[in-house]
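Chemist: Chain by chain, the residues:
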Amino acid sequence: MQGMVWKFGNDVDTDAIIPARYLNTSEASALAQHVMEDADPTFAQKVTPGSIIVALKNFGCGSSREHAPIAIKAAGISCVIAHSFARIFYRNAINIGLPILACPEAAEKIAAGDEIRVDLENGTIYNLTSKETYQAAPFPPFMQNIMAKGGLIGYVQWRLQQQQ
Amino acid sequence: MGMTIAEKILARHADKTTVQPGELINAKVDMVLGNDITSPVAINEFRRLGVEKVFDRDRIALVPDHFTPNKDIQSAQQAKMLREFAREYDITYYFEVGRMGIEHALLPEMGLALPGEIIIGADSHTCTYGALGALATGVGSTDMAAAMALGEAWFKVPSTLKFVFNGRLQPWVSGKDLILYLIGKIGVDGALYRAMEFTGEMISALSMDSRLSMSNMAIEAGAKCGIIAPDQVTLDYAAARAKRDFTPVYADQDAAYEKIFTFQGEDIEPQVAFPHLPENTRGLSEVGEVRIDQVVIGSCTNGRMEDLRIAAEIMRGNKVAKNLRVIIIPGTQNILRQAIQEGLVDIFLEAEAVVSTPTCGPCLGGHMGILAEGERALATTNRNFVGRMGHPGSEVYLSNPAVAAASAITGKISAPREVL
Ligand code: SF4
Numbered sequence: 001m002q003g004m005v006w007k008f009g010n011d012v013d014t015d016a017i018i019p020a021r022y023l024n025t026s027e028a029s030a031l032a033q034h035v036m037e038d039a040d041p042t043f044a045q046k047v048t049p050g051s052i053i054v055a056l057k058n059f060g061c062g063s064s065r066e067h068a069p070i071a072i073k074a075a076g077i078s079c080v081i082a083h084s085f086a087r088i089f090y091r092n093a094i095n096i097g098l099p100i101l102a103c104p105e106a107a108e109k110i111a112a113g114d115e116i117r118v119d120l121e122n123g124t125i126y127n128l129t130s131k132e133t134y135q136a137a138p139f140p141p142f143m144q145n146i147m148a149k150g151g152l153i154g155y156v157q158w159r160l161q162q163q164q
Numbered sequence: 165m166g167m168t169i170a171e172k173i174l175a176r177h178a179d180k181t182t183v184q185p186g187e188l189i190n191a192k193v194d195m196v197l198g199n200d201i202t203s204p205v206a207i208n209e210f211r212r213l214g215v216e217k218v219f220d221r222d223r224i225a226l227v228p229d230h231f232t233p234n235k236d237i238q239s240a241q242q243a244k245m246l247r248e249f250a251r252e253y254d255i256t257y258y259f260e261v262g263r264m265g266i267e268h269a270l271l272p273e274m275g276l277a278l279p280g281e282i283i284i285g286a287d288s289h290t291c292t293y294g295a296l297g298a299l300a301t302g303v304g305s306t307d308m309a310a311a312m313a314l315g316e317a318w319f320k321v322p323s324t325l326k327f328v329f330n331g332r333l334q335p336w337v338s339g340k341d342l343i344l345y346l347i348g349k350i351g352v353d354g355a356l357y358r359a360m361e362f363t364g365e366m367i368s369a370l371s372m373d374s375r376l377s378m379s380n381m382a383i384e385a386g387a388k389c390g391i392i393a394p395d396q397v398t399l400d401y402a403a404a405r406a407k408r409d410f411t412p413v414y415a416d417q418d419a420a421y422e423k424i425f426t427f428q429g430e431d432i433e434p435q436v437a438f439p440h441l442p443e444n445t446r447g448l449s450e451v452g453e454v455r456i457d458q459v460v461i462g463s464c465t466n467g468r469m470e471d472l473r474i475a476a477e478i479m480r481g482n483k484v485a486k487n488l489r490v491i492i493i494p495g496t497q498n499i500l501r502q503a504i505q506e507g508l509v510d511i512f513l514e515a516e517a518v519v520s521t522p523t524c525g526p527c528l529g530g531h532m533g534i535l536a537e538g539e540r541a542l543a544t545t546n547r548n549f550v551g552r553m554g555h556p557g558s559e560v561y562l563s564n565p566a567v568a569a570a571s572a573i574t575g576k577i578s579a580p581r582e583v584l
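If you read the sequences in order, they're chains F and Y. Reminder that position 23 of the first sequence reads as 23 in the working numbering, one-by-one numbering, no gaps. Reminder that position 59 of the second sequence reads as 223 in the working numbering, one-by-one numbering, no gaps.
Don't take every hint at face value.
[To be verified] To give a feel for the contact side, a few chain F residues facing chain Y, derived at Cβ under 10 angstroms:
{"hint": "1", "residue": "1"}
{"hint": "2", "residue": "41"}
{"hint": "3", "residue": "66"}
{"hint": "4", "residue": "96"}
Derived from the structure by calculation, the hints contain no laboratory data. Please read these numbers as outputs of a predicted model, since none were measured by experiment. Idealized CB from N, CA, C, for every residue including glycine.
Work out the full structure, taking the sequences as your base and the hints as a guide.
Modeler: In structure tokens, the structure reads:
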């Protein structure tokens, strides 16, 4: 995947990603209209499909709302890269199939507006603007298996078939 | 090598003799929880699985608490999904309005969160039940759907940070202050992906209510859970309510902790977290003059009996400051009822505060006390992110109920001794 970068800072919380005032629905497209609204009020209008979010520490901290990765995915964001992720956001992203990578070096060095390409399988990030390459730790096999089944629902269906 | 409480609980539920931090495992869960925001997503995902039954109708709790009593048509639609799902799958612990409470006040009270258990909830403050010696942690809606089908979830075994609180609790210091102090020291990602264990003389001295507010905010340090080893206080509380058998779990003598932090009682006064992160804490004596427009006493952090008693003690015979609104939200129907019986509600009404039916309400900016642009609230809740209680241009400060009640009288953030 390849796209233009939108950059955010430390501790972007789930209330900034999708404020609770919009949580009276779980409709993905409705949530996408307000994605990142309390961090950048015009983000949803500006962002184009395929774009990549790069943030610093503890991205997605706060509530467990899966609406946060759902809104990001539905807005057409192809990948989120951060220095680190809050743990519930991290597992939600894996469970719903939103590609994410934790890579401190990439999070520090990538600038807003850079064009980057991501090789998810190997965890490699190419910055086409600055011509740098960054390496994230690839996913452990257990998580790769969940993602290979299309997320947790696919994985559970597979488990249930095995049980029969 | 011995195991910490978190490691031991995970190992038992994964049918393993031992687990290592970093290991990825599937483990059985004793309880699966969802609310009116997260369950609709989980219900849709559950239906996609195409299974006929839930894994155990007695081990799922559905609590419509966030936008209930329904605040608008869309919330009503979401709450209806829970109600219909509960009926269709014959879920034992569905709590209708009138029988419900804020989920993390309700489950311990109902004896549905017990020592040694694994409880997952599609709500980040599920970590509250760590106060009972459970491994309780927030997950997402898809996790909830999967667990409702399989009765298990995947976990990465966390390493454990130990926090020792030595010495004596200072006046008006509660579990809320200990956890705010701790978060101020280590930051909102200071325990990221870790389990926390709280121990020491001050923890032993805390009531069950105060311990629940402490573990409630483990997530605000990024932690997976915040566990207090069961003692007599815990066992008495749990035994009086338990809906099933339970086995307390304790750390081994030679358990390995990633790091041990030690705090001293004399250093910890009541704490206030400034906007817009729970880590922006200051001791009450360093707050300065902060005028407020609204006080909220409630939430899964501080909406329990002890909290209301403390607030009433301070508000008794006083009036709420001019130009200030005070909203008091008992955590559950039982707490509301007891507050009426003990005369606390009278004290609040006499002081000209509002007393609400149990709901999350303003805690997450849902309803029942939303802030306008430029307004400032002092709340006993757990988060003060931008826009958390309303307009993105409003501000939330966090404190314990004693400080909130005193501030309700003076109109600015104040110490309890100023009004007593
Ligand atoms: S009271 Fe607040 S923090 Fe607790 S469950 Fe409700 S919204 Fe979440």
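Chemist: It remains to establish, for every hint, whether it holds in the given structure.
Modeler: Here's how the hints hold up against the structure:
At about 22 angstroms, the closest approach between the beta carbon of residue 1 (chain F) and any beta carbon in chain Y exceeds 10 angstroms, and the interface hint on this residue is violated. The criterion of a C-beta within 10 angstroms of any C-beta in chain Y is met by residue 41 (chain F), whose closest approach is roughly 8 angstroms, and the hint holds. Given the 10 angstroms rule on beta carbons, the hint for residue 66 (chain F) holds: about 4 angstroms separates it from the nearest Cβ of chain Y. Of the supplied interface hints, the one on residue 96 (chain F) holds, with its beta-carbon coming within about 6 angstroms of a beta-carbon of chain Y, less than 10 angstroms.
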